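Asks: Please build the complex by placing chain B on the supplied structure of chain A, with the hints as guidance.
There are 2 protein chains.
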Amino acid sequence: MNTILVTLPVNGTQKAVLENAGENCRFLYETDSSKTEELIPEADIIIGNVPTGDIHASPKLKLLQLQSAGTDGYTAPGVLSENTILTNATGAYDKTVAEHGLALTLMLQKNFYLYRDLQNQHIWKDMGMAASIADSTVVIVGYGSIGSLYAKMVKALGATVIGVKRRKSEKPEILDELVTMDELDNILPRADVVFSVLPNTLATRHLYTAERFAMMKPTAVFINCGRGNAVSAEVLYDVLQKKIIRAAACDVFEQEPLPSDSPLWSLENLVITPHTAGGFHLPDTKDKIIAIAAQNIRAVLGKDEYRNIIDFSTGYKK
Amino acid sequence: MNTILVTLPVNGTQKAVLENAGENCRFLYETDSSKTEELIPEADIIIGNVPTGDIHASPKLKLLQLQSAGTDGYTAPGVLSENTILTNATGAYDKTVAEHGLALTLMLQKNFYLYRDLQNQHIWKDMGMAASIADSTVVIVGYGSIGSLYAKMVKALGATVIGVKRRKSEKPEILDELVTMDELDNILPRADVVFSVLPNTLATRHLYTAERFAMMKPTAVFINCGRGNAVSAEVLYDVLQKKIIRAAACDVFEQEPLPSDSPLWSLENLVITPHTAGGFHLPDTKDKIIAIAAQNIRAVLGKDEYRNIIDFSTGYKK
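For the record, the sequence lines run as chains A and B. The first sequence lines up with residues 1 to 318 when you count with this note's numbering. The second sequence lines up with residues 1 to 318 when you count with this note's numbering.
Isolated chain A (complex conformation) (with noise of 0.2 Å):
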């Protein structure tokens, strides 16, 4: 018999899905990391993001279902045992941090976060002129899952849509262009909005040089919606400070939260949101991951195909 751990917080009708998809499997149900620890070596399956430093490669694990999109230190070395399959949420997110990274674009356009500060002043006045998604070029840095969704959006709204992915594919229809990673450098001058939704790995770290943000539009914006550390806290000031680009707008950060002092905050051309593009601030996220994980438990039984498997090798989606 199978022991699954849900460390998860699931409501009644998400624990029916999954207990329907491991059926005579036992379900040990455990938010509190403190208590998780020790439920772990027990676990055939575990359902949502253990510390990685309490799973001392469980050879008894078959099967990590991860609740993020990010494998950010599951693929590290010692941290799973070998016979462990790691899936992660990947399309989960896909609603709320495409929907997330629009409002952020459309924000940064029509100078709202100018007026949100004139209206704490009292003071009506007309900041000049606003741009048009419609009129504008979107380069989708990090084309996958999240950056599809983002694409159809901007489309739909009359945008011409470039996407720049790690691996050479064949162009999907919603895309005016699909380049490979290394044609970035001839992509940006391009751009009127720049939409990063990169994970955390070792060839996106401080992908955003100031060389690059050089490189893009006095007038483009730049949208970061996957992780921090694609730039650096001193290059994002430095670039906002002196106006190499119009304005940006970021969920995520080098240091989260990011630290009361930061001089981030105090940019007049830098919207800051605290990471909250993703986790569960719709209502159908976590339903959606569940829904990943049921598969998943099946396919651990023999009774589905594995959904989300992740490459150690990458840390991507294999």
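These are calculated hints, taken from the structure and not from any lab test. Check before you lean on any hint, since a few could be wrong.
Identical copies go unnamed one by one, so any copy, or any two together, can satisfy a pair.
[Unchecked claim] Mimicking DSS-like on lysine-lysine, the simulated pairs with C-alpha atoms at most 27 Å apart in a straight line are:
| # | residue 1 | residue 2 |
| --- | --- | --- |
| 1 | Lys317 | Lys168 |
| 2 | Lys317 | Lys303 |
| 3 | Lys286 | Lys35 |
| 4 | Lys60 | Lys317 |
Note that this is a predicted model, so its numbers are computed, not measured.
Replies: Only chain B this time, still in chain A's reference frame:
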């Protein structure tokens, strides 16, 4: 020979478009309203929103082409001679207002007004659940040219879209439902988003009463990109202060500029933009007005059909 007075500031390309339409006409370009008053009696055609009090029902005036979509004041008795055709710029502002409206909608749904205020206090704090446009029922009150573009946008993002308009007509494919204004009170309780783009008419004055806001869901958001007289400052303040609905965003107010001592400025759950949805905040708006004006110049010369003729009895396009 027809004399055409252009009071709207135009560039060389726009002049060429007008002069090409008004072949053999005499063009007067004057943007200073202290000087236009003298020129008005000479004009057969005026392009631009000259002060209503300066027209004195000029008997020579064949066409007044407004640069605005609103016709506020120009249809009042005594302003224009009965020989004058009044046309407006309906259509020219669709993109700028619909995009502004969408950006405000998403800003409210994603709590960005709260995050901007927290940013200014250097506070990293999760403000909880957001709303999804894809899961929303959006009610567009004043379903016309702007409303139909906004409808197309939110429909593409997944919303259920209901249009409310003055006169009964066939439901466009983009809408899930189209109803007339007398059904408004049946529709408001279903709305997650109320997007108002009503013009300023006697019938729309103070349409949004406290009772109507109370019919909306407590989680609903209200966006006004039409005219400010649709809701009184007092009702708006009271409804938001008591959180009868979740939040609102207004680009227009009964009194503009909004007085600096208005209590509306300080409402956390009200987002204020200073009547910047329309105007010339996108580069192509004026080109679109000039295209409408050129067609109507040709119409005066018997070479084309009129576009956007205003019915004096309703203040709307015929």
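Asks: The structure should be examined with respect to each hint, and the outcome stated for every one.
Replies: Evaluation of the provided hints:
no. : hint             : result
1   : Lys317 to Lys168 : within (15 Å within a copy, 52 Å between copies)
2   : Lys317 to Lys303 : within (21 Å within a copy, 63 Å between copies)
3   : Lys286 to Lys35  : within (22 Å within a copy, 65 Å between copies)
4   : Lys60 to Lys317  : within (23 Å within a copy, 74 Å between copies)
The structure agrees with every numbered hint stated previously.
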